Structures are given as C-alpha cells and as structure tokens.
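Model the full assembly from the supplied sequences, consistent with the hints where possible.
For the sequence shown, position 49 (counting from the first letter as 1) is numbered 49 according to this note's numbering, and the numbering increases by one without interruption.
Hints listed in this document are in silico derivations from the structure and should not be mistaken for laboratory results.
Everything numeric in this text was worked out from a predicted model, so none of it was measured.
Where hints are given, some of them may not hold.
Said to hold, decoys possible - Restraint ranges, calculated between C-beta atoms of paired labels, are given here: (1) 141 with 28: 21 to 27 Å; (2) 104 with 70: 35 to 41 Å; (3) 104 with 199: 17 to 23 Å; (4) 193 with 129: 27 to 33 Å.
All C-beta atoms in this analysis are idealised placements derived from N, C-alpha and C, irrespective of residue type, glycine included.
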Amino acid sequence: MKRTIFYLCIICITSSLVKTQTNPNLKPFPTAFNSTLVKVDEYQNIQWTKLYYDFNFPASRFDFYNGYIDANGKWDLNCSILFADDLTVWFIFPEAQTCNLRSKDLITFSPDWMNKIGAYYAGTSMFRGIQSTMWDMKDPDDPQHIMRYYAAADNGYPLRSPNQINDPGSTDFFDVMVGPQNKELFKVPEYCYTNPTTWGCG
Numbered sequence: 001m002k003r004t005i006f007y008l009c010i011i012c013i014t015s016s017l018v019k020t021q022t023n024p025n026l027k028p029f030p031t032a033f034n035s036t037l038v039k040v041d042e043y044q045n046i047q048w049t050k051l052y053y054d055f056n057f058p059a060s061r062f063d064f065y066n067g068y069i070d071a072n073g074k075w076d077l078n079c080s081i082l083f084a085d086d087l088t089v090w091f092i093f094p095e096a097q098t099c100n101l102r103s104k105d106l107i108t109f110s111p112d113w114m115n116k117i118g119a120y121y122a123g124t125s126m127f128r129g130i131q132s133t134m135w136d137m138k139d140p141d142d143p144q145h146i147m148r149y150y151a152a153a154d155n156g157y158p159l160r161s162p163n164q165i166n167d168p169g170s171t172d173f174f175d176v177m178v179g180p181q182n183k184e185l186f187k188v189p190e191y192c193y194t195n196p197t198t199w200g201c202g
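Quick look at the structure:
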C-alpha cells in the first residue's frame, strides 16, 4: 500500500478547503494531461505508473505496472486507481475483473494543489538537464519535514514531486502530454459493480 500513500494523501489534502495566498510565480498543473511517472524509493527501486488527468471532468487515473515496456512493446498492468467524475475512487484489477470501492466522496487533485498546501519558492536549478523552479512545502505527516517539488521554468510542467516522510522517495514526470483526455479513460468498468474485492492497489 505504500505506493498509493503519496497519491491518496496529496488528493485528500488538496480536496480540502484550505485557503492560502496565491503565489503569482507558481504555475498550476495543466488542467488536462497524461504523463509517465517513475517513483524511486530510498533503495532506488522503481515503480512505473501512467497518469491520465483531466480536471474538466474532473477525473484522474493512475495505472500501476509490474515493470517497464518489454522489447515487444508489452506493458504488464498490475492495477489502476481511478478517481471518477462522480467522486468515487476505485482500485481496479482488469486481469481479475474485480474492483475495490475505496471512497464515495473524494475529488481528484486540483491543478493548483501546491498553492493550497502553501508551497513557497525555493530558487532555480537544472534538473534532468531542464531549467527548473523549486518549491518547498511542509510534509502533512510531519511539518518538520520539508518536501521539494521541481517544475519546468518555462511552462510549469511537473518534473519531480516529493513523497511524504512515511513513504521515502520521489516521483518524476516524463513525457508530459498536455491536452484534453478521452473520457472513456475514466469510465468505471461494469464488473466493478458486480465483482467486488478488498485488494489494495499499487
């Protein structure tokens, strides 16, 4: 379950009604995009994930894979976490045709989630060869722990997002493709309503 803590915690925080002063230099997330995510833990283990996000619905989907794409182009999907537009959250297991309904009232994260948790400017740097701006924010699990976020300086696209102290590591964003997402990506499969499970995803 550790891999899901980062995603679920951010979404829980940013869905709350916390009000902070907007930083004019802090560009929000694109309102709709998809990206390949690479989570690296403290032992350099890698988790590959695909994120589809469209706040116009609003909805998002995290597809967790068992490894990277093989030489034949096959990508072995483990499970998905779907934040549907009806505010339900599902852990979906396509191979087993089963799902776990995790919440009935949770919206996906807002494009300005960093403003909502009080991120503040921490300077600039080169990150993966890209000029970036750095933003620091307090860890919701431990306010003494400061998490650092990196965004591309020219367009604000995400480069690296920090993890909480109870899930050490970080999540990097690759191949950020901005634009409206197909609504079918966020459709709850029919088997979710007929074949429930208590399995965890991620």
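Hint-by-hint comparison with the structure:
no.: 1; hint: 141 with 28: 21 to 27 Å; in the structure: 24 Å, holds
no.: 2; hint: 104 with 70: 35 to 41 Å; in the structure: 37 Å, holds
no.: 3; hint: 104 with 199: 17 to 23 Å; in the structure: 18 Å, holds
no.: 4; hint: 193 with 129: 27 to 33 Å; in the structure: 46 Å, violated
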